[in-house]
Amino acid sequence: MTHRHTELHHVSRPLVWSGFKQLAPISVLVTAFGVAFGLAAAQTGLHDSTIMMMSALVFAGAAQFAALELWGAQIPLLTMIITVFAINARHLLMGATLYPWLRHQPPLKRYGMMLVASDANWAMSMQEFSRGKPGLGLLFGGGIALWLFWVLGTWLGMHFGNAINDPKSFGLDMVMGCFFLALIVGGEKDVRMLFIWVVAAASSSLAYWYLPDNSHVIVGALAGGIVGTVWGGEQDSGH
Amino acid sequence: MDIETAGGGALLVVLVMALVTLATRWGGVYVMAFVPINYRVKQFIQAMSGSVLVALLTPMVINGDSGARLALITTAGVMLLVKKPLPAIVSGVTVAALSRYLV
Chain F
1 MTHRHTELHH VSRPLVWSGF KQLAPISVLV TAFGVAFGLA AAQTGLHDST
51 IMMMSALVFA GAAQFAALEL WGAQIPLLTM IITVFAINAR HLLMGATLYP
101 WLRHQPPLKR YGMMLVASDA NWAMSMQEFS RGKPGLGLLF GGGIALWLFW
151 VLGTWLGMHF GNAINDPKSF GLDMVMGCFF LALIVGGEKD VRMLFIWVVA
201 AASSSLAYWY LPDNSHVIVG ALAGGIVGTV WGGEQDSGH
Chain X
1 MDIETAGGGA LLVVLVMALV TLATRWGGVY VMAFVPINYR VKQFIQAMSG
51 SVLVALLTPM VINGDSGARL ALITTAGVML LVKKPLPAIV SGVTVAALSR
101 YLV
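Listed in order, the protein sequences are those of chains F and X.
Everything in the first sequence is counted per our numbering, starting at 1 for the first residue and increasing by one.
Everything in the second sequence is counted per our numbering, starting at 1 for the first residue and increasing by one.
Just so you know, not all the hints are guaranteed correct.
Unchecked claim - Using 25 Å as the maximum straight-line C-alpha spacing, the simulated DSS-like pairs for lysine-lysine come out as follows: (1) F:109 x F:133; (2) F:21 x X:84; (3) X:42 x F:189; (4) F:189 x F:21; (5) F:109 x F:168; (6) F:109 x X:84; (7) X:42 x F:168.
These are calculated hints, taken from the structure and not from any lab test.
Full structure from sequences and hints, please.
Take a look at the structure:
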């Protein structure tokens, strides 16, 4: 073993494999969410191939659940685009926070690794960097693990979903809503966030009652976003 | 613009979703190469990504039966207590099923 200092942006096959294994404990959870999505998607009436394609290519749980909310014989494309963008906008922040290490990588690797960036592997790789260890293996290897289990879970749920006749009696129509609420409640909680949520809820209710179909999503997202910008919080907190 | 899901429409929607998501995964890295994302933009993105979930929940609360509302209250409560999403969701769904069975 050499004592050569390992660069933090270093990424290698063993690091990717170790990242894959480190995310394995979370894979049970991801598979369970995948099952919930596959089930909900089948209940919404999506074809098997559409469901699998969505999980494989989009690979973003909350956005996929939201897509089901907008799904029907006709889909409002612009609303779908804005909704998916708004939910996934946090990826922009992930990319920005990973940039100091990603910039040392050639573009192909840089953007290749970002293909599988999501909440869990991003958080773990940032943690690794803060400990002074190379974290990009966790980002990529962990991301591949998350992707595999997400797709596997989706496939399982899809098959269960097609077998259940009355999903409502099992409370399965509430999987989506409970998932969203768990994400909201699990996030940052302070007076500012509470106010942002209240504004989002009030404005989207008004839009739901008085504006065209599906505009409540965009109105709520924008109103909350604007309030969050005006009420800026503390500028030089360490985050 | 509305897309018919019959025929190739559903596939098109999935591809558009995939492209938009890809843009968010790549966009942050790409933009940072030219100009660092500033504090205001960060605040907007954070507030917006929470608010969109609240907005999606709104019709479920407005139109939902008592089972649906009890499910949401349960999920929020369990999430605050246990801080783990899976048990929170499972309890919510279970409460919805139970209340519909009993009422």
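Here is how each hint holds up against the structure:
A C-alpha spacing of about 19 Å is found between residue 109 of chain F and residue 133 of chain F, which places the hinted pair at or below 25 Å, so the restraint holds. Distance check on the hinted pair: residue 21 of chain F and residue 84 of chain X sit about 22 Å apart at the alpha-carbon level, within 25 Å; holds. Of the pairs offered as hints, the one joining residue 42 of chain X and residue 189 of chain F holds, with about 17 Å between alpha carbons and a cut-off of 25 Å not exceeded. Of the pairs offered as hints, the one joining residue 189 of chain F and residue 21 of chain F is violated, with about 32 Å between alpha carbons and a cut-off of 25 Å exceeded.
Pair hint residue 109 of chain F plus residue 168 of chain F does not hold up; C-alpha atoms about 45 Å apart against a cutoff of 25 Å. With a C-alpha separation of about 33 Å, the suggested pair residue 109 of chain F and residue 84 of chain X falls outside the 25 Å cut-off, and the hint is violated. At roughly 39 Å between alpha-carbon atoms, residue 42 of chain X and residue 168 of chain F are farther apart than 25 Å, so this suggested pair is violated.
Of the numbered hints listed earlier, those contradicted by the structure are 4, 5, 6 and 7.
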